[in-house]
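K.L.:
Here is what each chain is made of, one letter per residue.
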Amino acid sequence: MRRYFSRKLLIYILTFFLAVTIDWLIPRFMPGDPVQNMLSRAMLRADAAEVMYGYYTKAFGLDVPIGQQYLNFWNALFHGDLGTSVYMFPTPVTKVLLRAVPYDIFLLIPSILLSWYAGNKFGAYAARSKWLDNTVSPLGYVLTATPYMWLGILLAWFFGIVLGKFPIAGAYSFNLVPHLSWMFIWDVLKHWFLPFASLFLVGFGGQAIGMRNMIIYELEADYSHYLEALGAPRSLVRKYAFRNAVLPQITGLALSLGVIVAGALVTEVVFSYPGIGYLLLAAIQNQDYFLIQGCFLFIIIGVLFANFVIDIVYLLIDPRTRTGMMGETA
Amino acid sequence: MSLQVEHLTVYYQTLRGDVQALEDATFTIEDGEIMGLAGESGCGKTTLGHSLIRLVPPMRYVRGKVKIDSEELPIWGMEEMNPFRFKKISIIPQYAMNAMNPTRKIGKMTEELLESRKVSFSDTLPELKRRLDMVELTHDVMNMYPIELSGGMKQRMVMVLSTLMDPTLLIADEITSALDVSTQKAVAEMLVEFRNRECCNSVMLITHDLSILYQIADTIMVMYAGQLSEKAATHTMIHSPRHPYTKLLISSLPKVGVKYAEKRLKGIPGSPPLLLDPPIGCRFRERCPVAFDKCLDVPPFLEIEKDHLVACWKEFERDA
Amino acid sequence: MSEDKKINEFLYFALRNKKLRIGLFIVLFFLILTFIGPMLAQNDPFDYVNPGGAEPPSSEYLFGTTFFGQDVFAQFVYGLRATFLVGLLGGGIGTLIGVLIGFTAGYRGGIVDELLNMLTNIILVIPVLAVLLIIAAYLEVRTILIECMIIGLTAWPWTARAIRAQTFSLRTREFVDLARLSGMKSSKVIFTEIAPNMMSYLVMAFILQFGGAILNAATLDFIGLGPTNAISLGLMMQVAVLWGALQLGSWWWFVPPGLAITAIVGALYVMNVGLDEVFNPKLREM
Ligand SMILES: Nc1ncnc2c1ncn2[C@@H]1O[C@H](COP(=O)(O)OP(=O)(O)O)[C@@H](O)[C@H]1O
Ligand code: SF4
Ligand SMILES: [Mg+2]
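Chain order of the listed sequences is S, X and H.
Counting in the working numbering, the first sequence runs from 54 upward without gaps.
Counting in the working numbering, the second sequence runs from 2 upward without gaps.
Counting in the working numbering, the third sequence runs from 2 upward without gaps.
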């Protein structure tokens, strides 16, 4: 277990290190001068541009030797300093991002957990009968193949515009000021529902398919056949198969986090939901490089953290890792 | 009589047609008998063993009757067989190394299995412990996961599990093949011990290692390409085999202990026929040194001496 | 079994596999559309041809027109072409790198394997899109080729993992040992003994990469980081959303691009399952 854990930890640390390095490297080594570029799009007066140029060059730290720049970058990072947003000048990027993060959590955690749970349940049912299999599996394949933004667009159009049942923009109505009341909570939930539903549905499809295939594989495993040969009832055979199929599904979830997060970004764009994805679009359209870099780091930190949590859950659930007998799965 | 099989025929369904893996098998196993089932790889030994306890697609029941303690076994029905499994007929499968659920402690798994068969775990526990002692496993294994056991330990654990309900017939499929030579011998002797202490009434010991059969089997039955060739007491089989295939099989063994399946039969040209489209009549015909025109009919499996059965026209003629 | 017989058997089961047939049919349908579509389309995808703005499908404009009066059908078929290009190139690059890395790791083993495996695991954890967008954001001019490159360069770890595991198991099989013992050269062992046995995995890995590249490209295009000079299905959806196609109810603008992506990627996945059944006798339905 030690070994398993320290291996994982090493990977996370290296990943983080690599991510920060990429984040530092890219603006500096891409063709073109990012500062110049940013300012030219901002269409400032020439004298203002000069002042700003000096400011940003300093902010980027471009006036010191390259090694020093790298160290400074890490140093700033540890002080939570990711620069200043241009698009929301003069708010620090960290602050802008921290304001958006709760919306992402509010959207992602329920959709990931529920789609995982429901997908596994239905996938297991599908493995049970030909009839269910023939309905759930094709549905699952269609859902996993659906681009997140398109499902979002369809839901927004149908439930928001055609039926007019749900709002399709923002996290709460523009005319409301956040406060604690049933009315406001209801409003928030209504705004949350459609983006949640699109993330849920795509995730559901993938999980259902994964579970169905895993269970069928487990039902054909030797231990299942042995149980059958000893006359164990179906319920016991299925129970074991399900438990064993769930384990790889947990690892699978960790590996698909990147895709889910990407899905959340575009879903937020569709619904103008003020999380990191929405910020990102604004940052891209406004050439706000500090903000883009900040989004990048936040996404990676989030995914690494989620991976870490899933690893711990896995350790708690799979008895083999506890006895230290598990081979290398990392 | 412990087991009675009549005209049992089992095929594998494939898109290319039926693989005729077991054709018209008729034989019996007496109370207390350890019968060795031998034959080259792919001749249908596992098919015969499995069809008695867990006959599932792509296996297809074609015809035949199986009786255990004079009671007919519904081998054609997955659900109908359940009351008989474990209690009347049980198996140590070829895949014993992977037979236990990897994520359950062995004790817990045993408990869940027993309770699911409406047998009280706590009542069985003392007997279970006694049997663990018999196969020299510590009682701690109940608190372990299968992965914590060595191959030999897993094999013995499955042996204990499979015989826990004192079945009338125990099918043991290649139980020694995956083990090293010294462990092989120990496991084989434990099997005899199990029979002697009536942990099971009779045993069908499937193997492609004749030396194990020399050591522990009371009788040996030989199969070729899905058909029964010969069955006799071990001593008779070794010293005076009658079927041409068995004769070649036994004589081609340079010395006891060589696994013959790993060697092509010396002196017999050709290889076993494909069972998708087997030759009519005696399936050994094309390789048989003494075949004649009568062999285009399937030879019946007849008792030519007391407890010595053979399926060969040549032998019938000689005796006639 | 001889090679000929193997191929015959493969074809025998492939042609009888329903999943493979359905998947192949859908993919081919769209593929043919990318070739004949531009001939059918009367307009340039970016031209403002309809002064009436957004109008539903009609005999003149098969898929209707956008808010700006552009021909949706023209955009669709040209976008489809970009989609296939990204799948082919992006997926191809991803497969190639994945195969090289996975194969080297599995075949060489030891320290090489340790290092490559570590690299694979690191890239696997990093969300692909995050890397794509940071690269894309800093590139001023982006062509579809660059998009394919960056998608391929970030998507390989899945393939590398699968191929590594497969190589591992093949490497330790008897026939490979035999070939080695008999003094065969490493490269010869690889091409005569291992590669033929890996073909099925390569095909399936490529199909998955193909689908993955299409989805990744759609995401990039949708957040405005796609090619700067070309139409794509993702870009169509972005423009539709930004210019109020939802509020205006111009469904013909945003339904076709998403539908095509879903159909193609879904068909690829289904094909993959079908191929798995064909290659893997255990999974064949009786
Ligand atoms: N699942 C299956 N589908 C088709 N044919 C099978 C299957 N399993 C076994 N066979 C065929 O049935 C024959 C007997 O196999 P088996 O009983 O496993 O032989 P043995 O145990 O004697 O080695 C072989 O020719 C084998 O090819
Ligand atoms: S029946 Fe004929 S072919 Fe078969 S073993 Fe006897 S002599 Fe040979
Ligand atoms: Mg066998």
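Take the hints with a grain of salt, since some may be wrong.
[To be verified] With a straight-line cut-off of 16 Å between C-alpha atoms, the simulated EDC-like cross-links for lysine to aspartate or glutamate are: (1) K66(X) / D25(X); (2) K292(S) / E194(X); (3) K88(X) / E72(X); (4) K307(X) / D219(X); (5) K292(S) / D141(X); (6) K61(S) / E61(H); (7) K148(S) / D134(S); (8) K292(S) / E72(X).
Hints listed in this document are in silico derivations from the structure and should not be mistaken for laboratory results.
K.L.:
Are the hints correct? Go through all of them and say.
P.N.:
To see whether the hints hold, each was checked on the structure:
Our distance criterion of 16 Å between C-alpha atoms is met by K66(X) and D25(X), whose separation comes to about 10 Å. For the given pair, K292(S) sits about 35 Å from E194(X) by alpha-carbon distance, which is inconsistent with the 16 Å threshold. Taking the CA atoms of K88(X) and E72(X), the gap is about 13 Å. The hint holds against a cut of 16 Å. For the hint pairing K307(X) with D219(X), the CA-to-CA distance comes to about 15 Å; that is within 16 Å, so the pair holds.
The suggested pairing of K292(S) with D141(X) is violated, with an alpha-carbon distance near 25 Å, which exceeds 16 Å. With a C-alpha separation of about 60 Å, the suggested pair K61(S) and E61(H) falls outside the 16 Å cut-off, and the hint is violated. Between the alpha carbons of K148(S) and D134(S) the distance comes to roughly 9 Å, so the proposed pair stays at or under 16 Å and holds. Restraint check for K292(S) and E72(X): not satisfied, since their Cα atoms lie roughly 32 Å apart, outside the 16 Å limit.
Consistency note: the structure conflicts with the earlier hints numbered 2, 5, 6, 8.
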